[in-house]
Amino acid sequence: MKVRRFTILRLLSFFVALIVGLCACDQTGQLILPGTPETEAPVDEIPVGVALSVTGRFAASSGVSIAHGLDLALEETNQSERNGRQIRFIRTDDKSTVAGAVEAYNKLIQDGVLVILGPATSSQAEAAFPVAQEHGVVAMSPTSTARGLSALGDCLFRAALATDVVIPSGIETTHAKLGYQTAATMYDDSDVFSTDSDLAVRETLAAKGVKVLITQTFRGGDTDFTAQLTRINETNPDVIFVSAQAPEKPGILTQGRQIGIPVSVPFIVRTLTTANVQAAGTAAEGAITFVGWASIANTPGNQAFVQNYTEKY
Numbered sequence: 083m084k085v086r087r088f089t090i091l092r093l094l095s096f097f098v099a100l101i102v103g104l105c106a107c108d109q110t111g112q113l114i115l116p117g118t119p120e121t122e123a124p125v126d127e128i129p130v131g132v133a134l135s136v137t138g139r140f141a142a143s144s145g146v147s148i149a150h151g152l153d154l155a156l157e158e159t160n161q162s163e164r165n166g167r168q169i170r171f172i173r174t175d176d177k178s179t180v181a182g183a184v185e186a187y188n189k190l191i192q193d194g195v196l197v198i199l200g201p202a203t204s205s206q207a208e209a210a211f212p213v214a215q216e217h218g219v220v221a222m223s224p225t226s227t228a229r230g231l232s233a234l235g236d237c238l239f240r241a242a243l244a245t246d247v248v249i250p251s252g253i254e255t256t257h258a259k260l261g262y263q264t265a266a267t268m269y270d271d272s273d274v275f276s277t278d279s280d281l282a283v284r285e286t287l288a289a290k291g292v293k294v295l296i297t298q299t300f301r302g303g304d305t306d307f308t309a310q311l312t313r314i315n316e317t318n319p320d321v322i323f324v325s326a327q328a329p330e331k332p333g334i335l336t337q338g339r340q341i342g343i344p345v346s347v348p349f350i351v352r353t354l355t356t357a358n359v360q361a362a363g364t365a366a367e368g369a370i371t372f373v374g375w376a377s378i379a380n381t382p383g384n385q386a387f388v389q390n391y392t393e394k395y
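Residue numbers for the sequence shown follow the working numbering, so the first one is 83 and each next one is one higher.
Some hints could be false.
Stated by the list, open to error - Okay, derived cross-link-like pairs now, DMTMM-like style, lysine to aspartate or glutamate, Cα gap no bigger than 25 Å in a straight line: (1) Lys394 - Asp246; (2) Lys259 - Asp246; (3) Lys394 - Glu185; (4) Lys259 - Asp320; (5) Lys290 - Asp246; (6) Lys290 - Asp306.
To be verified - Here are the in silico distance ranges between beta carbons for each label pair: (7) Gln161 - Asp304: 40 to 48 Å; (8) Ala289 - Glu393: 40 to 48 Å; (9) Glu216 - Pro382: 29 to 37 Å; (10) Asn318 - Arg173: 46 to 54 Å; (11) Glu216 - Ala379: 48 to 56 Å; (12) Thr364 - Gln161: 38 to 46 Å; (13) Lys293 - Ile378: 29 to 37 Å; (14) Thr356 - Gln168: 29 to 37 Å; (15) Glu216 - Thr264: 42 to 50 Å; (16) Gln340 - Ile378: 30 to 38 Å; (17) Thr381 - Asp304: 14 to 22 Å; (18) Arg313 - Ser162: 34 to 42 Å.
The set of hints was computed from the structure by calculation and includes no laboratory data. From the three backbone atoms N, C-alpha and C, an ideal C-beta is built for every residue, glycine too.
Start from the sequences and build out the full structure, keeping to the hints where you can.
Written out as structure tokens, the structure reads:
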């Protein structure tokens, strides 16, 4: 399904205009100042950098869909009568790595952009955001959710709901519905988002009086999770919380059912997309996810953008 991420990106064009107009960062004042010969934009254009995963492990799971969403948002924004100036994207590949995100930010800043959209992951944003702050460039990450990233500076913004909003409300709702008393958790200890998400899960469960029987870890890029899942299954938890990036989620669900974890024990997976469910097949039966947006939401502009995206891509 192609519509899994793009609505959040529909908002980015609005945020670009808002941030450029209101942020106190020094470089926003250069909108009406001459640029260098290499990077000078027409006075009616706003150069906006885009740092996304065109290559690497996140390209298929997020880079392509986010890029499509941005392209459609750009087209609609530039055609809008409410937009007095045209936005022009300057794109670079963050290569799905932390170092690549920092390199992408440095390149875009050298290119003279006033705003940077991306990167997508919290690990990348944690490393790249300080670069933007140092140079007074506004940065907006569409999907990073680890706590504290926006607090790294006053030019740094995010569109997605942070962990400290999503996790407590999600656990409050699922605990009330399911009444679970024990849990297991599993997370990617090489990833900022996953580590923060698991910590928030365990903090919230403790506050609810839910006992965490076992916590297992893996690393991004792993493909075999049977040892961790077997240890989890041996503790017989009521639910299993998984904090991971998209590439690992289908394998965890599939292998969990293969080693005998019953459907009556739900996997609660942070941000489980339609693509993840399709990849996991029947192993996704009974899985639960916490997300900050749904394609069926009736927020202003959402359904129209969903339809336009689906028709185009």
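Here is how each hint holds up against the structure:
| no. | hint | result |
| --- | --- | --- |
| 1 | Lys394 - Asp246 | 35 Å, violated |
| 2 | Lys259 - Asp246 | 21 Å, holds |
| 3 | Lys394 - Glu185 | 31 Å, violated |
| 4 | Lys259 - Asp320 | 13 Å, holds |
| 5 | Lys290 - Asp246 | 15 Å, holds |
| 6 | Lys290 - Asp306 | 32 Å, violated |
| 7 | Gln161 - Asp304: 40 to 48 Å | 44 Å, holds |
| 8 | Ala289 - Glu393: 40 to 48 Å | 45 Å, holds |
| 9 | Glu216 - Pro382: 29 to 37 Å | 36 Å, holds |
| 10 | Asn318 - Arg173: 46 to 54 Å | 49 Å, holds |
| 11 | Glu216 - Ala379: 48 to 56 Å | 37 Å, violated |
| 12 | Thr364 - Gln161: 38 to 46 Å | 43 Å, holds |
| 13 | Lys293 - Ile378: 29 to 37 Å | 35 Å, holds |
| 14 | Thr356 - Gln168: 29 to 37 Å | 33 Å, holds |
| 15 | Glu216 - Thr264: 42 to 50 Å | 46 Å, holds |
| 16 | Gln340 - Ile378: 30 to 38 Å | 32 Å, holds |
| 17 | Thr381 - Asp304: 14 to 22 Å | 37 Å, violated |
| 18 | Arg313 - Ser162: 34 to 42 Å | 54 Å, violated |
Violated hints, in rising order: 1, 3, 6, 11, 17 and 18; the structure is consistent with all others.
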